[in-house]
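Trainee: In order, the protein sequence lines correspond to chains A and B.
The numbering of the first sequence is this note's numbering, which starts it at 1 and goes up by one.
The numbering of the second sequence is this note's numbering, which starts it at 1 and goes up by one.
Keep in mind the hints are simulated off the structure, nothing from the lab.
A hint or two may mislead.
[Claimed, not checked] If you want the ones that stay clear, here's a sample from chain A, every Cβ over 12 Å from chain B, calculated:
hint: 1; residue: Arg-60
hint: 2; residue: Glu-205
hint: 3; residue: Lys-250
hint: 4; residue: Val-290
hint: 5; residue: Leu-368
hint: 6; residue: Arg-383
hint: 7; residue: Gly-420
hint: 8; residue: Val-424
[Unchecked claim] If you want the footprint, here are the derived chain B segments under chain A, 3+ residues with CB under 8 Å:
hint: 9; region: 5–11
hint: 10; region: 14–25
hint: 11; region: 29–43
hint: 12; region: 71–81
Quick reminder that beta carbons are idealized off the backbone N, C-alpha and C, glycines included.
The primary structure of each chain is shown beneath.
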Amino acid sequence: MTKRPETKYAWNGDVALAYQVFGAGPVDLVYLQGYTSHVDLNWESQYLARFLRGLGEKARVIHTDRRGWGCSDRFSPGDVAPLEVQVDDLVAVMDAAGSERAVIFTSVDTCPTGVLFAATYPERTAGLVLVDPMLAFYDTEEARRDWAETNARVRREWGTPAYYGEFWHDVRELEDWYAPWCRASVSPGALAAESDAFGAVDVREVLSSIHVPALVVGNSEERLADPIVSESTRDAYVVQAGISGSRLLKSPMQGGAAWHHGYARGAPILAAVGDLIASIREEQESFDRVLATVLFTDIVDSTATAALLGDARWRRLIDEHDRAAKAIVARYRGEYVHTTGDGLLATFDGPARAIRCAQSIIEARRPLGVEIRAGLHTGEIERAEHGVAGVGVHIGARVGALAGGGEVWVSSTVKDLTAGSGLVFEDRGEHELKGVPDRWRLYRVVAG
Amino acid sequence: MKPPDVHYAWNGDVALAYQVVGAGPVDLVYLQGYCSNIDMNWESPHLARFLKGLAGFGRLIVMDRRGWGCSDRFSPTDVPPFETLTDDLQVVMDAAESERAVIFTSYENATLVMLFAATHPERCAALVLVDPWVTWTATDETPWVSDEQEWDRIRQPSRRCRRRSPGHRWSSPPTVRSGSARQPGTRTPGTASAARDTRPAPTRTRRMAGAPFPSASPRPSA
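Next up, chain A with everything else stripped away, as it sits in the complex (with noise of 0.2 Å):
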């Protein structure tokens, strides 16, 4: 048996739900696994135990049971609480967990729960994982007939292999580990009447409501043949449809735990969610690209000065220099990022203060003999968690490295974006720029 993480208990009110933290990764994923789940016996499953823990190398897991199920409180078969309750449910083991924002992945009958939570809370919805769902319970007379006929199966059978030997034929040589999972993970009196309750749920209006990256897993068009599966199944397609920009991924499987039949199935599921992962990431990397213009001075021989100045007094010089060119940089609503050892990086949302502070700085040094060299470049840059970074941080530096002694020296983009400023270019001709692709035509900044 694998060693499961330990279970804690997050409280709704008098209820207890259960959960288990584990596994790291760039973001937070709730699993809420459908039909059925015990967070403490779903590790006894070599199948299962495998996904969760493939899981956990991609993101921190947040495992838990919904109420009714498994290691959460159960409710009495007269007393099942409503769809929204679970999605209360789910807000309180975020919170117990720390979990601010997270993928829900959730399946089968957890669906309808991980569709409402992320049209309720999209800010705390990094994605939605929807595998084999069920949405629309019934929709027709006949689908309820059905379901009535089903949920009178539950009450006579569940928990017996004449249940099973059905619908998880795939799985019948697991019957000594299945069927006591699905006896400790619901009883039959609740699952039945929760299904009862439950039935009458539809949830694809809210699917046009969600906006949040998704992935539904639906069957392949081979196991859809199958009458049994596809009545199951059918869900993924319009689940897909309804949710823009969402994907769809193909999967042989039978019921919403295709691992439960051998990691073979459960991989492409576990690809696709690494897959959405990575465009999360992706995407909220992106939230901290902006458009700036970074500015880098150096003092022009600083090598020479220093031998000649000695180190306590360079030491004094260079102190004196970042102090007053911090001052400067923030009077001309600039970002000081850090020193570069003789000189700064600052970054500007305004290309021409940035040049009139780039100017202040050489004009502020010069009675003191220090000539200092800048250099400016406009372009994309990421803000990362110390400072700043991308490519157009390096052309600012190697723009900077050209420039004579009390020069400023622009790339084109600078100067493009500052017409009608009244500054005055002075062109340079075109350069390459160390470890920068292309030729890059750079400017001096002649009057302003």
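We have chain A; now place chain B onto it with these hints.
Mentor: Chain B in isolation, oriented as in the chain A frame:
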């Protein structure tokens, strides 16, 4: 050994899980207190051996009571009255086609079994009460039982408890602890805590004292 098949008896909407093991001249109902899951009870080699031993005496009917193990649970806000639990016992015996049985029970389930025995003496061949509770609240006769204040104190940690088996932190039941503390999911903390809130008044079980059939109440072994 492979655990016996689980069957469900229905009391209205509520399914009650039971197993039938062995055969013999006597029926014996086994209703373990604190905690139980009739599937997983067989995973403890000690408990499985004990159950097999009991099955050597007759036809053994192992059951989980409402709210526990494989039987239907109740909402934390919907704890059933005690007589519903005695009805459940009757329903399981009916489903297992047992007219009359020796009833083996332990710990807190002793209260409901005694109530059953007093109400339906014709269906009780005998009682075995292991470490029985007769009351849930201290009385003059049972001053060692927790009083209201102590229950309040006990309830709180059970609500805060973050571990899988909340029960073993409430107190130390000497006879069932070793067998039950490791069983996952025999009970959830909300229902456990709620059940304490609605425990029956002490006077109801006092009347059970003079049950008119043989009974044994073995001392828990150390």
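Trainee: Does each hint fit the structure? Answer for all of them.
Mentor: Status of the hints after comparison with the structure:
Every Cβ of chain B is farther than 12 Å from the Cβ of Arg-60 (chain A); the closest lies at roughly 18 Å, confirming the non-interface assignment. The Cβ of Glu-205 (chain A) sits about 29 Å from the closest Cβ of chain B, beyond the 12 Å cut-off, so the non-interface label holds. The claim that Lys-250 (chain A) lies off the interface holds: its Cβ sits roughly 35 Å from the closest Cβ of chain B, which is beyond the 12 Å cut-off. The non-interface label for Val-290 (chain A) is consistent with chain B: the shortest C-beta to C-beta separation is roughly 42 Å, beyond 12 Å.
Annotated as non-interface, Leu-368 (chain A) keeps its C-beta farther than 12 Å from every C-beta of chain B; the closest such distance is 64 Å. For Arg-383 (chain A), the non-interface assignment is confirmed: its Cβ lies about 38 Å from the closest Cβ of chain B, beyond the 12 Å cut-off. Non-interface status of Gly-420 (chain A) relative to chain B is upheld: no Cβ of that chain comes within 12 Å, the nearest being about 64 Å off. Non-interface call for Val-424 (chain A) relative to chain B: holds, since the shortest CB-CB distance, roughly 70 Å, exceeds 12 Å.
Evaluation of the coverage hint for the region 5–11 of chain B: fulfilled, as 5 residues show C-beta separations to chain A shorter than 8 Å, against a requirement of three. Coverage of a stretch by a chain is defined here by at least three residues with a beta carbon nearer than 8 Å to that chain's beta carbons; for the region 14–25 of chain B and chain A the count is 3, and the condition holds. Requiring three or more residues with a Cβ within less than 8 Å of a Cβ of chain A, the coverage given for the region 29–43 of chain B holds, as 3 such residues are present. With 9 residues carrying a beta carbon less than 8 Å from a beta carbon of chain A, the region 71–81 of chain B meets the three-residue requirement, and the given coverage holds.
When held up to the earlier numbered hints, the structure conflicts with none and fits them all.
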